[in-house]
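Protein sequence lines, in the order shown, are assigned to chains A and B. Count along the first sequence from 1, add 374, and you get the number used in the numbering used here. Count along the second sequence from 1, add 159, and you get the number used in the numbering used here.
For the record, the hints were derived by calculation from the structure and aren't laboratory data. A portion of the hints provided could be inaccurate.
[Stated by the list, open to error] Covered by chain A, according to a simulated footprint, are these stretches of chain B (three or more residues, beta-carbon under 8 Å):
1. 186-198
2. 201-207
3. 211-217
4. 230-244
Ideal placement from N, C-alpha and C gives every residue a C-beta, glycine not left out.
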Amino acid sequence: MIAALGLVVGIVLGLVLDPQVPAWLQPYLPIAVVAALDAVFGGLRAWLDGLFDDRVFVVSFFSNVVVAALIVFLGDQLGVGSQLSTGVVVVLGVRIFSNVASIRRHLFKA
Amino acid sequence: MSTASQHPDAVPAPPAPDQPPVTGRARLRSAMTLRLSRARLLAGALCLVLGLAVAVQVRQRTSSDLSDLRQSELVGLLSDATDRSDRLDREISDLQRQRDELRTSGDAAAAARSLAQQRLDTLGILAGTTAATGPGVVVKITVPAAETTGLRHAALLLDAVQELRDAGAEAIQIGTARVVADTAFTDDDDGGVTVGDVHAHSPFVITAIGSAQTLASAMDFPDGVVSNVQRAGGATTVAQRASVDVTALQRASSPAYAQPVTPSDEPSQ
Numbered sequence: 375m376i377a378a379l380g381l382v383v384g385i386v387l388g389l390v391l392d393p394q395v396p397a398w399l400q401p402y403l404p405i406a407v408v409a410a411l412d413a414v415f416g417g418l419r420a421w422l423d424g425l426f427d428d429r430v431f432v433v434s435f436f437s438n439v440v441v442a443a444l445i446v447f448l449g450d451q452l453g454v455g456s457q458l459s460t461g462v463v464v465v466l467g468v469r470i471f472s473n474v475a476s477i478r479r480h481l482f483k484a
Numbered sequence: 160m161s162t163a164s165q166h167p168d169a170v171p172a173p174p175a176p177d178q179p180p181v182t183g184r185a186r187l188r189s190a191m192t193l194r195l196s197r198a199r200l201l202a203g204a205l206c207l208v209l210g211l212a213v214a215v216q217v218r219q220r221t222s223s224d225l226s227d228l229r230q231s232e233l234v235g236l237l238s239d240a241t242d243r244s245d246r247l248d249r250e251i252s253d254l255q256r257q258r259d260e261l262r263t264s265g266d267a268a269a270a271a272r273s274l275a276q277q278r279l280d281t282l283g284i285l286a287g288t289t290a291a292t293g294p295g296v297v298v299k300i301t302v303p304a305a306e307t308t309g310l311r312h313a314a315l316l317l318d319a320v321q322e323l324r325d326a327g328a329e330a331i332q333i334g335t336a337r338v339v340a341d342t343a344f345t346d347d348d349d350g351g352v353t354v355g356d357v358h359a360h361s362p363f364v365i366t367a368i369g370s371a372q373t374l375a376s377a378m379d380f381p382d383g384v385v386s387n388v389q390r391a392g393g394a395t396t397v398a399q400r401a402s403v404d405v406t407a408l409q410r411a412s413s414p415a416y417a418q419p420v421t422p423s424d425e426p427s428q
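Assemble the whole structure, with the sequences as input and the hints as a guide.
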């Protein structure tokens, strides 16, 4: 519940405050958002499995974000930026799907 | 892709004391309650960050499309835009050329039309089918009736018209008859003159358009019209005018025998 509240408050704050994203960060923000989303779904699944650990959640959140941004940055430097970012998005999407499937099994027993 | 990647030590978290540990549904229900614990607060904080980032990114996306593209994509966009602008430049120069061509051809047509109109006016004046106005002279020749003198005046009038023509008269009118190249002067039985197909009697009023000075002196030189008329017992008055009207018209007729010579060595248009 607090997590859901936090999410809603964050969205509202983002819309109201409308912070300006610094230019160096702009290309990496979407990838970071998807990575964070993957971490959150993972955390939700962990909670439903009864295996939630807040330390693990925090570490996985930040590590996902940093690693995803690093991979994309490295790809840009090497010249395979768009391919690597596509790969990262695909992998994160697959993980999100599998976490959501687990959550679904918990919730609907199906 | 298992939970092991999320939880390397897989320690069950210390939940709130009365949480039933059994089913996922039950855990979900327990999550819905507003109990405060470090775990929940941390989760809430990170979800807040996530929400913030999502909102900002969506805002960013809808406001500007170019800033979150990578360099290679931007280069591609730039070359596309350059190609398109080159193509449009070529199109512009083509259309400009077409417009200039149309303009000059339009001008040529208008010039040809005005030239043709000028020629029509000139020929009309000479042929007597158009009324004319301009500076000139009005010559009034008064001769006594032919019965008394026995003299015929057609030759006199013809002389006068010839002198005027030699002096550069461009349109000549006697009374109400226009005088053109093929106008005949015939003596009448009653002492008048038939000019073309109009009767004229003394006093004969000749209106001529041309250089007034030149025409007037053409009437006046020794052994000219004035002295001839005097010898015939008549009188002449010559009045120079800044503007005279020759309004009598001659019906246009096509030649019955003469044909125009087509220039055979001109290139065909």
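Going through the hints against the structure:
Coverage of the segment 186-198 of chain B by chain A holds [criterion: at least 3 residues with CB-CB distance below 8 Å; count 9]. Proximity of the segment 201-207 of chain B to chain A, defined as three or more residues with a beta carbon under 8 Å from a beta carbon of that chain, is established by the 7 residues found. Chain A is given as covering the segment 211-217 of chain B, and this holds because 6 residues of the stretch bring a CB closer than 8 Å to a CB of that chain, at least three being needed. Judged by the Cβ-Cβ criterion of 8 Å, the segment 230-244 of chain B is covered by chain A as claimed, because 3 of its residues qualify and three suffice.
Consistency note: the structure conflicts with none of the earlier hints.
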